[in-house]
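Go ahead and model the full structure; you've got the sequences and the hints to work with.
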Amino acid sequence: EADIYQTPRYLVIGTGKKITLECSQTMGHDKMYWYQQDPGMELHLIHYSYGVNSTEKGDLSSESTVSRIRTEHFPLTLESARPSHTSQYLCASISSDEQFFGPGTRLTVL
Amino acid sequence: KNQVEQSPQSLIILEGKNCTLQCNYTVSPFSNLRWYKQDTGRGPVSLTIMTFSENTKSNGRYTATLDADTKQSSLHITASQLSDSASYICVVSDRGSTLGRLYFGRGTQLTVWP
Chain D
1 EADIYQTPRY LVIGTGKKIT LECSQTMGHD KMYWYQQDPG MELHLIHYSY GVNSTEKGDL
61 SSESTVSRIR TEHFPLTLES ARPSHTSQYL CASISSDEQF FGPGTRLTVL
Chain L
1 KNQVEQSPQS LIILEGKNCT LQCNYTVSPF SNLRWYKQDT GRGPVSLTIM TFSENTKSNG
61 RYTATLDADT KQSSLHITAS QLSDSASYIC VVSDRGSTLG RLYFGRGTQL TVWP
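Chains as they are written, first to last, in this note's numbering: chain D, 1 to 110; chain L, 1 to 114.
FYI, nobody ran anything at the bench for these hints, they're computed from the structure. Given the structure is predicted, the values throughout are model-derived calculations rather than measurements. Errors might be hidden in some of the hints.
Taking lysine-lysine pairs in the DSSO-like style, the calculated list, with each CA pair at most 27 Å apart, reads [claimed, not checked]:
no., chain 1, residue 1, chain 2, residue 2
1, L, Lys17, D, Lys57
2, D, Lys18, D, Lys31
3, L, Lys71, L, Lys1
4, D, Lys31, D, Lys57
5, D, Lys57, D, Lys18
6, D, Lys31, L, Lys17
This is how it looks when you write it as structure tokens:
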């Protein structure tokens, strides 16, 4: 089983709040990813990192930002949450040719 | 346009029955194809991964096939169990996941009834 963790698992917040979704992996992987997934829809890549101090935007435009100060940690931040940000956010890391996913954070913005 | 299409969108079967899920893709160049199982509210978990030269791969009761010529893959589940209820996602990589991109299907939602 992959050692990749996400917190919180569920989050309900009000519009305008600043939030940070945490993602950590203990496998020493350089490459990490954030995906957004709406119910019944495919995963969309919103951010990725190839290592410390490396961050890139993915295919789907997102108002969130990420940072990669340590190899094991890849947090995602929303400065001002809106109802349109309601979704499931999945963090992943990669080793050789295998991608491991975290359990996800279900975000609801009221 | 690189795409991954899965069918059916949803499927209901009785416990103990077999089923087959389909995946068609237009991703090029092709590197590998993965099948993932995603339980509700959880992250996807890898079932199989196949490269261009592999036609079939099994993981317990799960058997995936790949026809790289027709760009089709299938996932066959044998003797289904209640715990098989989940979304099954087909993912195609265009140049190897270390350099290339991953293209995700929308998944097939499988429900197994007792």
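Taking the earlier hints as the rules, which of them does this structure contradict?
1 and 6
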